[in-house]
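Participant: Here is how the chains run, residue by residue.
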Amino acid sequence: MSDTIVRCTGIGKRFTTVSESGKESNLTILDGIDFSLKKGDFTAIVGSSGCGKSTLLNIIGMLDRQSEGVLEIDGTTIGPESRNAEELCRMRNQKIGFVFQSHNLLPEMTAVQNIMIPLLIRGDGKKSAQARAEELMAELFTKEEMDSGVCKRPPAKLSGGQCQRVSVARALSCRPALILADEPTGNLDEKSSARVFDMLREVQLRHSLSIIMVTHDQSLVRKVDRAVHLAGGRLTEV
Amino acid sequence: MNLFPRFYGARLLGLRRFILIVLSVTAGTASIAFAIIAAYDFHKAILTTAAGSRAHVVVYLPTVRVEDAVEARARILKVAGVAQCEPALRLEGNFQIEVPSRDGGLEFADVMSSEVVGYEFTSSKRKDLPVAFDQVYSKLNRKSSAEMQPLDIMCNPQAGDEGRTIISDTLASRIFRRPRASGNNFDVVLPRTADGTGGQATFHARTAGAYLGNALRASSERRYATYVRLDELQKALGLEGKVNCLDVRLIDPGDARAMVTRIAGLVPEAVKVVSWMEPEADSLGFLSLLNFGVLFAVAIVGCTAAFSLCAILFMVVADKLKEIAVVSALGATPRLIQTMFVLIGARIGLLGAALGVGGGIALSWALSSRQAELMSNFYNRMDDSIEIPWLYVSGAGFGMTLLCCLAALLPCFWSLRSDPTRMLTKE
Ligand SMILES: Nc1ncnc2c1ncn2[C@@H]1O[C@H](COP(=O)(O)OP(=O)(O)OP(=O)(O)O)[C@@H](O)[C@H]1O
Ligand SMILES: [Mg+2]
Chain F
1 MSDTIVRCTG IGKRFTTVSE SGKESNLTIL DGIDFSLKKG DFTAIVGSSG CGKSTLLNII
61 GMLDRQSEGV LEIDGTTIGP ESRNAEELCR MRNQKIGFVF QSHNLLPEMT AVQNIMIPLL
121 IRGDGKKSAQ ARAEELMAEL FTKEEMDSGV CKRPPAKLSG GQCQRVSVAR ALSCRPALIL
181 ADEPTGNLDE KSSARVFDML REVQLRHSLS IIMVTHDQSL VRKVDRAVHL AGGRLTEV
Chain E
1 MNLFPRFYGA RLLGLRRFIL IVLSVTAGTA SIAFAIIAAY DFHKAILTTA AGSRAHVVVY
61 LPTVRVEDAV EARARILKVA GVAQCEPALR LEGNFQIEVP SRDGGLEFAD VMSSEVVGYE
121 FTSSKRKDLP VAFDQVYSKL NRKSSAEMQP LDIMCNPQAG DEGRTIISDT LASRIFRRPR
181 ASGNNFDVVL PRTADGTGGQ ATFHARTAGA YLGNALRASS ERRYATYVRL DELQKALGLE
241 GKVNCLDVRL IDPGDARAMV TRIAGLVPEA VKVVSWMEPE ADSLGFLSLL NFGVLFAVAI
301 VGCTAAFSLC AILFMVVADK LKEIAVVSAL GATPRLIQTM FVLIGARIGL LGAALGVGGG
361 IALSWALSSR QAELMSNFYN RMDDSIEIPW LYVSGAGFGM TLLCCLAALL PCFWSLRSDP
421 TRMLTKE
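Line order of the protein sequences matches chains F and E.
The numbering used here applies: residue 1 is where the first sequence begins, and numbers increase by one.
The numbering used here applies: residue 1 is where the second sequence begins, and numbers increase by one.
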């Protein structure tokens, strides 16, 4: 069994844009990306704004489709023409956890219910999903926070850092092999940012997860195993 | 069974939104259900009132002995929907006596008769009325049975108790020589006003036929009735032991036209079978037009409700595009998401339709209990109870539920086609 969890071979992404004068032009965002990620690795992607980091992450997360090249996630190959939506959804649900810049928690649900969602989608029962969600909450929140009832509060009644920790818990709920984090600390102040990152690092080491994190924060880049730089549609090691 | 659609579907809209949408479905369904019930029930009530106490279908026999009508009667009685079938003597036509009142007293103005009876009489003196009746009676008596024609007597006095008594007694004693005879042929329907004393109203007397035995019962509380037995009438007309028709009463007077065809198939071709609806064709035509209008209004209400429901759900779902993108990033398949929206629609639809049907029924009950009050001056008050056409009403509820499911599903299809990655990066 291979120890590679993500392998990108010649991944390219082009957008067709129509200018004001009505001319069509091809916009190449990613241009032959070759990249692989070892199991248990924490990799950061850096690059200037608009260079295509999110686009690459979305392709790896199967939310977006590459224009060319082949993506391999945990041994499953996904080409540009792969269209089996049900199968992709199942893989997304069970192999990948997402953490977004804006936490993207569901506003009508409490913290625990938010964490239960991927488990329910997987087909778990309500009781076991709730037990797992509470276990994750206990892992990522302090005792004082738990006592103040964070579990039962909706996102609107949680701080930014707490929301982001709930969304980390949600990403972890189905015990994925891979976490994709797109500027998870982008909206947070220094202190909560460090806290969320430390926590990601901690669970990554504890559960030997693989993480790809997009970030602009140089102080975090220093703390990860490996950093790659995206520019001009190509990746280079830092 | 995957729990996600139910779990998230129950929370996606939030309680306040959910209640508001359910209420709008309720309002729509209630107005449709109410309109259907009203159209159906009023139509029935109007038909029943119009059919009144007369025969719903008349089978015109040659004037025969009662025994000779027995076989045909037995055959007709076997037809489903037939409530009664009685041999009768039928004197139908247009003999009208109008008796207006001045200064609270009774004065007699016109006594008109149709050409059929061949009698015309005009007088404004009270004492002339018995004379008029005598003359009509003798005219009738002289007619041969073959020429016997339908007879209607209508009186329009401003009736007080005095008027009532004079007219009913006069009619009964002069024509049939027997006041308030029992048995069933000739009934005099008087109005009842709010204070129960009569007053300004219409006095109806109608001979529609002569029933054997116990054909009809009039309510003494609401109506003032006088009767004559068949044998009395036969004697009065010089037709002892004879009848000239079968009077058929139906369970549903509205059926009369269809029943005519069925009954006509049971008797010789030469025998005329007539439905009560034929002479009323014009008014019934207007009634159908009115009913069509109501159904048209129901359709418009239905369309309005459907469109606004679609619009509301469309906007609600459009408001949830980000959430849809999030759960699909978390691995929810399009099928799970669609199931969730169908469930949301079904939940809204079932609850709203159930409340709406209940509301519609409650509304029609409320209206029918006001009916007695509104129609206290109406001489022949309708029944207070309502009849609910369950098939149509539950059909409306079912349709509404289906509509809710579709209205929730359609914008969901549309949202699943839009690019989820755009929604995820939105603040
Ligand atoms: N659907 C689209 N059509 C056309 N251009 C697009 C589309 N989606 C993204 N782009 C362009 O692709 C480029 C890369 O976008 P992406 O979101 O990946 O940038 P990013 O590196 O994540 O930037 P940031 O650091 O600001 O988040 C941008 O220039 C963007 O304008
Ligand atoms: Mg980005």
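Note that these hints are calculated values from the structure, not bench results.
Each hint should be verified, as a subset may be incorrect.
[Stated by the list, open to error] Pulled from the structure, derived: some chain E residues nowhere near chain F, Cβ distances all over 10 Å:
| id | residue |
| --- | --- |
| 1 | F7 |
| 2 | F307 |
| 3 | M315 |
[What the hints assert, rightly or not] Where chain F lies over chain E, by a calculated footprint (3+ residues, C-beta under 8 Å):
| id | region |
| --- | --- |
| 4 | 329 to 342 |
| 5 | 391 to 403 |
[Claimed, not checked] Lysine to aspartate or glutamate pairs mimicking DMTMM-like chemistry, simulated, CA-CA at most 20 Å apart:
| id | chain 1 | residue 1 | chain 2 | residue 2 |
| --- | --- | --- | --- | --- |
| 6 | E | K322 | F | E108 |
| 7 | F | K157 | F | D124 |
| 8 | F | K39 | F | E86 |
| 9 | E | K322 | F | E134 |
Glycine residues also receive a C-beta, built at the ideal position from the N, C-alpha and C atoms.
Participant: Among the hints numbered above, which are violated by the structure, and what are their numbers in rising order?
Facilitator: Checked against the structure, the hints that fail are numbers 1, 5, 7, 8, 9, while the rest are satisfied.
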